[in-house]
Amino acid sequence: MTNATSKAPVMKILDAQDKELMTVRKIEREGDALIIRGKIFGAMPMVAKLTPAQARAALRLLDWRTILFLLTILFRKG
574 MTNATSKAPV MKILDAQDKE LMTVRKIERE GDALIIRGKI FGAMPMVAKL
624 TPAQARAALR LLDWRTILFL LTILFRKG
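Under my numbering, the residues of the sequence shown are numbered 574 to 651, in order.
No lab work stands behind these hints, which were simulated from the structure alone.
Take these hints with a grain of salt, some might be off.
To be verified - Here are the computed lysine-lysine pairs in the BS3-like style, where the Cα-Cα straight-line distance is at most 30 Å:
{"#": "1", "residue 1": "Lys650", "residue 2": "Lys592"}
{"#": "2", "residue 1": "Lys599", "residue 2": "Lys612"}
{"#": "3", "residue 1": "Lys622", "residue 2": "Lys612"}
{"#": "4", "residue 1": "Lys650", "residue 2": "Lys599"}
{"#": "5", "residue 1": "Lys650", "residue 2": "Lys612"}
{"#": "6", "residue 1": "Lys585", "residue 2": "Lys599"}
{"#": "7", "residue 1": "Lys580", "residue 2": "Lys599"}
{"#": "8", "residue 1": "Lys622", "residue 2": "Lys585"}
{"#": "9", "residue 1": "Lys622", "residue 2": "Lys599"}
{"#": "10", "residue 1": "Lys612", "residue 2": "Lys580"}
{"#": "11", "residue 1": "Lys592", "residue 2": "Lys580"}
{"#": "12", "residue 1": "Lys650", "residue 2": "Lys580"}
{"#": "13", "residue 1": "Lys622", "residue 2": "Lys580"}
{"#": "14", "residue 1": "Lys612", "residue 2": "Lys585"}
{"#": "15", "residue 1": "Lys592", "residue 2": "Lys622"}
{"#": "16", "residue 1": "Lys650", "residue 2": "Lys585"}
{"#": "17", "residue 1": "Lys592", "residue 2": "Lys612"}
Stated by the list, open to error - Taking CB as the label site, the calculated pair distances span:
{"#": "18", "residue 1": "Ser579", "residue 2": "Trp637", "range": "36 to 42 Å"}
{"#": "19", "residue 1": "Ala631", "residue 2": "Glu601", "range": "17 to 23 Å"}
{"#": "20", "residue 1": "Ile600", "residue 2": "Ser579", "range": "18 to 24 Å"}
{"#": "21", "residue 1": "Lys650", "residue 2": "Thr624", "range": "30 to 36 Å"}
{"#": "22", "residue 1": "Arg598", "residue 2": "Thr624", "range": "17 to 23 Å"}
{"#": "23", "residue 1": "Leu587", "residue 2": "Leu644", "range": "17 to 23 Å"}
{"#": "24", "residue 1": "Arg629", "residue 2": "Ile586", "range": "17 to 23 Å"}
{"#": "25", "residue 1": "Ser579", "residue 2": "Ala630", "range": "36 to 42 Å"}
{"#": "26", "residue 1": "Arg633", "residue 2": "Ile600", "range": "29 to 35 Å"}
{"#": "27", "residue 1": "Glu593", "residue 2": "Ile646", "range": "15 to 21 Å"}
{"#": "28", "residue 1": "Gly651", "residue 2": "Arg629", "range": "27 to 33 Å"}
{"#": "29", "residue 1": "Lys592", "residue 2": "Thr639", "range": "21 to 27 Å"}
{"#": "30", "residue 1": "Trp637", "residue 2": "Lys580", "range": "36 to 42 Å"}
{"#": "31", "residue 1": "Met584", "residue 2": "Leu644", "range": "17 to 23 Å"}
C-beta: ideal position from N, C-alpha, C; glycine also.
Working from the sequences, and respecting the hints, build out all of it.
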């Protein structure tokens, strides 16, 4: 039995004023890419694709302090 009050997990991406930019409903693998499904501004459906080349490009944007922060973010309150 499923609980009628439980909702599917979602992740929200916020702007600098804490307004919702995007709601991510699903992250899945498709071949060698990561597919992100959700809605932008709560209304417009969106499917984003992250390729290995773009993931490597994203890592080059990070400095060591940010990498350390990413490793510890799951254990922080908030």
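Against the structure, the hints:
no.	hint	in the structure
1	Lys650 / Lys592	20 Å, holds
2	Lys599 / Lys612	10 Å, holds
3	Lys622 / Lys612	14 Å, holds
4	Lys650 / Lys599	24 Å, holds
5	Lys650 / Lys612	26 Å, holds
6	Lys585 / Lys599	11 Å, holds
7	Lys580 / Lys599	13 Å, holds
8	Lys622 / Lys585	17 Å, holds
9	Lys622 / Lys599	12 Å, holds
10	Lys612 / Lys580	16 Å, holds
11	Lys592 / Lys580	21 Å, holds
12	Lys650 / Lys580	22 Å, holds
13	Lys622 / Lys580	25 Å, holds
14	Lys612 / Lys585	10 Å, holds
15	Lys592 / Lys622	23 Å, holds
16	Lys650 / Lys585	16 Å, holds
17	Lys592 / Lys612	14 Å, holds
18	Ser579 / Trp637: 36 to 42 Å	39 Å, holds
19	Ala631 / Glu601: 17 to 23 Å	18 Å, holds
20	Ile600 / Ser579: 18 to 24 Å	19 Å, holds
21	Lys650 / Thr624: 30 to 36 Å	34 Å, holds
22	Arg598 / Thr624: 17 to 23 Å	21 Å, holds
23	Leu587 / Leu644: 17 to 23 Å	21 Å, holds
24	Arg629 / Ile586: 17 to 23 Å	21 Å, holds
25	Ser579 / Ala630: 36 to 42 Å	37 Å, holds
26	Arg633 / Ile600: 29 to 35 Å	22 Å, violated
27	Glu593 / Ile646: 15 to 21 Å	19 Å, holds
28	Gly651 / Arg629: 27 to 33 Å	29 Å, holds
29	Lys592 / Thr639: 21 to 27 Å	23 Å, holds
30	Trp637 / Lys580: 36 to 42 Å	37 Å, holds
31	Met584 / Leu644: 17 to 23 Å	18 Å, holds
The structure shown violates just one earlier hint, number 26.
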